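Novice: Chain B: place on chain A using the hints.
Protein chains in written order, with the numbering used here: chain A, 1 to 350; chain B, 1 to 350.
Errors might be hidden in some of the hints.
The list treats identical chains as one, so a pair stands whether inside a single copy or across any two.
[Said to hold, decoys possible] Only pairs whose alpha carbons sit at most 25 Å apart, straight line, appear in this in silico SDA-like list of lysine to any residue: (1) Lys310 <-> Glu233; (2) Lys310 <-> Thr218; (3) Lys313 <-> Phe302; (4) Lys334 <-> His46; (5) Lys313 <-> Gly232; (6) Lys313 <-> Arg157; (7) Lys43 <-> Ala82.
Simulated from the structure, these hints should not be mistaken for laboratory data. Treat the numbers as computed from the prediction; the structure is a model and nothing was measured.
In case you want the letters, here they are:
Number of protein chains: 2
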Amino acid sequence: MTTRDTAVKTLRWRNGRLEMIDQRFLPAMFEYVSYESAASVAKGIHSMVVRGAPAIGCAAAYGVALEALRQRGESKETFDRALNEAFEVLAASRPTAVNLFWALKRMRAAWEKIAAQPVGEIADALLAEAHEITAEDLRINMAMGGYGAALLNDGARVLTHCNAGALATAGHGTALGVIRSAVAAGKHISVIADETRPFLQGARLTAWEMVQENIPVTLITDNMAGFMMSRGEIDAVVVGTDRVAANGDVANKIGTYMVAVLAHRHGIPFYVACPLSTIDLNIADGSAIPIEERAAEEVLGFRDYQWAAKGVKVRNPSFDVTPAELVTGLITEKGVVLHPNRENIAALFR
Amino acid sequence: MTTRDTAVKTLRWRNGRLEMIDQRFLPAMFEYVSYESAASVAKGIHSMVVRGAPAIGCAAAYGVALEALRQRGESKETFDRALNEAFEVLAASRPTAVNLFWALKRMRAAWEKIAAQPVGEIADALLAEAHEITAEDLRINMAMGGYGAALLNDGARVLTHCNAGALATAGHGTALGVIRSAVAAGKHISVIADETRPFLQGARLTAWEMVQENIPVTLITDNMAGFMMSRGEIDAVVVGTDRVAANGDVANKIGTYMVAVLAHRHGIPFYVACPLSTIDLNIADGSAIPIEERAAEEVLGFRDYQWAAKGVKVRNPSFDVTPAELVTGLITEKGVVLHPNRENIAALFR
Numbered sequence: 001m002t003t004r005d006t007a008v009k010t011l012r013w014r015n016g017r018l019e020m021i022d023q024r025f026l027p028a029m030f031e032y033v034s035y036e037s038a039a040s041v042a043k044g045i046h047s048m049v050v051r052g053a054p055a056i057g058c059a060a061a062y063g064v065a066l067e068a069l070r071q072r073g074e075s076k077e078t079f080d081r082a083l084n085e086a087f088e089v090l091a092a093s094r095p096t097a098v099n100l101f102w103a104l105k106r107m108r109a110a111w112e113k114i115a116a117q118p119v120g121e122i123a124d125a126l127l128a129e130a131h132e133i134t135a136e137d138l139r140i141n142m143a144m145g146g147y148g149a150a151l152l153n154d155g156a157r158v159l160t161h162c163n164a165g166a167l168a169t170a171g172h173g174t175a176l177g178v179i180r181s182a183v184a185a186g187k188h189i190s191v192i193a194d195e196t197r198p199f200l201q202g203a204r205l206t207a208w209e210m211v212q213e214n215i216p217v218t219l220i221t222d223n224m225a226g227f228m229m230s231r232g233e234i235d236a237v238v239v240g241t242d243r244v245a246a247n248g249d250v251a252n253k254i255g256t257y258m259v260a261v262l263a264h265r266h267g268i269p270f271y272v273a274c275p276l277s278t279i280d281l282n283i284a285d286g287s288a289i290p291i292e293e294r295a296a297e298e299v300l301g302f303r304d305y306q307w308a309a310k311g312v313k314v315r316n317p318s319f320d321v322t323p324a325e326l327v328t329g330l331i332t333e334k335g336v337v338l339h340p341n342r343e344n345i346a347a348l349f350r
Numbered sequence: 001m002t003t004r005d006t007a008v009k010t011l012r013w014r015n016g017r018l019e020m021i022d023q024r025f026l027p028a029m030f031e032y033v034s035y036e037s038a039a040s041v042a043k044g045i046h047s048m049v050v051r052g053a054p055a056i057g058c059a060a061a062y063g064v065a066l067e068a069l070r071q072r073g074e075s076k077e078t079f080d081r082a083l084n085e086a087f088e089v090l091a092a093s094r095p096t097a098v099n100l101f102w103a104l105k106r107m108r109a110a111w112e113k114i115a116a117q118p119v120g121e122i123a124d125a126l127l128a129e130a131h132e133i134t135a136e137d138l139r140i141n142m143a144m145g146g147y148g149a150a151l152l153n154d155g156a157r158v159l160t161h162c163n164a165g166a167l168a169t170a171g172h173g174t175a176l177g178v179i180r181s182a183v184a185a186g187k188h189i190s191v192i193a194d195e196t197r198p199f200l201q202g203a204r205l206t207a208w209e210m211v212q213e214n215i216p217v218t219l220i221t222d223n224m225a226g227f228m229m230s231r232g233e234i235d236a237v238v239v240g241t242d243r244v245a246a247n248g249d250v251a252n253k254i255g256t257y258m259v260a261v262l263a264h265r266h267g268i269p270f271y272v273a274c275p276l277s278t279i280d281l282n283i284a285d286g287s288a289i290p291i292e293e294r295a296a297e298e299v300l301g302f303r304d305y306q307w308a309a310k311g312v313k314v315r316n317p318s319f320d321v322t323p324a325e326l327v328t329g330l331i332t333e334k335g336v337v338l339h340p341n342r343e344n345i346a347a348l349f350r
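The following block holds chain A by itself, in its conformation from the complex (with noise of 0.2 Å):
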């Protein structure tokens, strides 16, 4: 084990506050948000101060133990309202990921277990199932991490795309994490960073985690991929994923599906690293997987940067979703379910 993970921390809590890191100036600034109530973190997620699916779950179950200890010195009766209101802002904040869905479910039963005990109990329980989400999440970082590990040979140069690293999550990460994980044990690998417009993920974040910790890591944009796979340049791939279905279909930062189109094309395997919290059995398949579209803005240049020729119009899908028959295998907390299916996503639940 190492205590790499615990070198960057996405969330804290610091004096009855969240206090989440800007991701959107990393990494030109390193600075932390302070968060008092559900609805200021809902802003925080949609406005993508964090992201990373894992993380969003953490966060916003942390929105709901905020508003819980906001409203703890009013009655039962004001208490429920706003605390039912702090579900609904969290779960308005993105549609993709269903971490965040998945999160508000299980604070939502802490609080049903309990709910005729006085708002103060209440507001403490939540709190407790907030760290223990995020203290959970960092465990299953690692034990995927263990498993991801044993998928990569010694000298693998592996492409990874958007940010699936200590930064997404608790800490450690999912895709970084198996990185991580594999460097631990000794591995000698190289990373190779899609930047990933419009967010560029990759580029400030990804990079940054990994010249931190000394693993050599090569930043591309996006469209150089094929050509890096058209080389031989890249050994393997490993993506994280914002909701995989029943069937094994992929959502994760758009671009994905194009590199594991590649990867098929060049015999090169694919792998998602996948916490369960992460696998919606509701969903039968990808094209019922709800995609974000954002602000127009994003795409016509990068912050306040607009380089785009005034009048276009845009598009901007945030998610694409990958067909499980592109997918080597998923990385799990309970091991590695190569080539996914029905059957063999179902049989993690039993």
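Specialist: Positioned in the frame of chain A, the structure of chain B alone reads:
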């Protein structure tokens, strides 16, 4: 025929100088830069003031003519030495686009035909040849446009990558020339433009050209093409090319290969607008085409805005190779070559 082709003059001859639109700053700034020597034109090509294979060919031809005019007062010996140096510096400006070498070869042939004549006459003849290469490029683009337009159905949604427009040529464009001709023929065409990192030719140049002419254009990041195809929102792909090998393998802007692989998977026709000057019969297949690697800064950000994490390594191949098997057809000024191969390409030159 339309007059659209004269709307944008990428290169123009004014007062004994070559003027070129500085495409590095479009569309924020529209500005012509003036050139008086071969060395300065070579620098303009290398720094991408002018880009696009056919436009580079025209610029190189003018570069030779400029140097000849500049040396017209010199002795034959000095003139010859300066002109030979001009050919060398221009040939070294960019390695991938074959039009550059094609234009230089043509200029050298024009020179050799009258090498015994007074230097003043040679200079005049070389300028006339540069004018003719440029005028010919426009005629060729109009011819390609006509053949290509017939391939697009009314209502077609056409994806293009990079900018193979008026800005990449002497006018009308190759890939965008096909779209312009289809629109001029009364078809309703809408364009989906890949932004084309790192230089953003799609976001800046293709979008700008289309907006100017009220041709509907939607901008996407390069990693969204697969999503659009999977949703049935792309009917055809048309791109330009920098060099086509004798077997039909196509070198074009980085990312083209990924689009071709995806189009193939989705059964979407993939066309390459390709003047004969872009076909290099001396290259057996795509593996022998030299691929330019450019400076890291281009990938670390855009212009002065560097957003990537400090310390990350970078790859920056400027082109990739699409194998002939993925090309539905080459659109040339002699007609469309479906499923290009060694035989039907050779037949174009008989």
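Novice: Confirm or reject each hint.
Specialist: Here is how each hint holds up against the structure:
1. Taking the shortest Cα distances, lysine 310 and glutamate 233 sit within 25 Å of each other only across copies (23 Å), while inside one copy they are farther apart (38 Å).
2. Taking CA atoms no more than 25 Å apart as the test, lysine 310 paired with threonine 218 passes between copies only; the shortest distance there is 12 Å, against 33 Å inside one copy.
3. Taking the shortest alpha-carbon separations for lysine 313 and phenylalanine 302, both the intra-copy value of 16 Å and the inter-copy value of 21 Å come in at or below 25 Å.
4. Proximity of lysine 334 and histidine 46 under a CA criterion of 25 Å is satisfied in neither setting, with 31 Å inside one chain copy and 53 Å between copies.
5. For a Cα distance limit of 25 Å, the shortest separation of lysine 313 from glycine 232 across copies, 18 Å, qualifies, whereas the shortest one inside one copy, 37 Å, does not.
6. Only between protomers do lysine 313 and arginine 157 lie at most 25 Å apart by alpha-carbon distance; the minimum there is 14 Å, versus 37 Å within a single protomer.
7. Proximity of lysine 43 to alanine 82 under the C-alpha cut-off of 25 Å is restricted to the intra-copy arrangement: shortest distance 17 Å within a copy versus 65 Å between copies.
Hint 4 from the list above is the single one not met by this structure.
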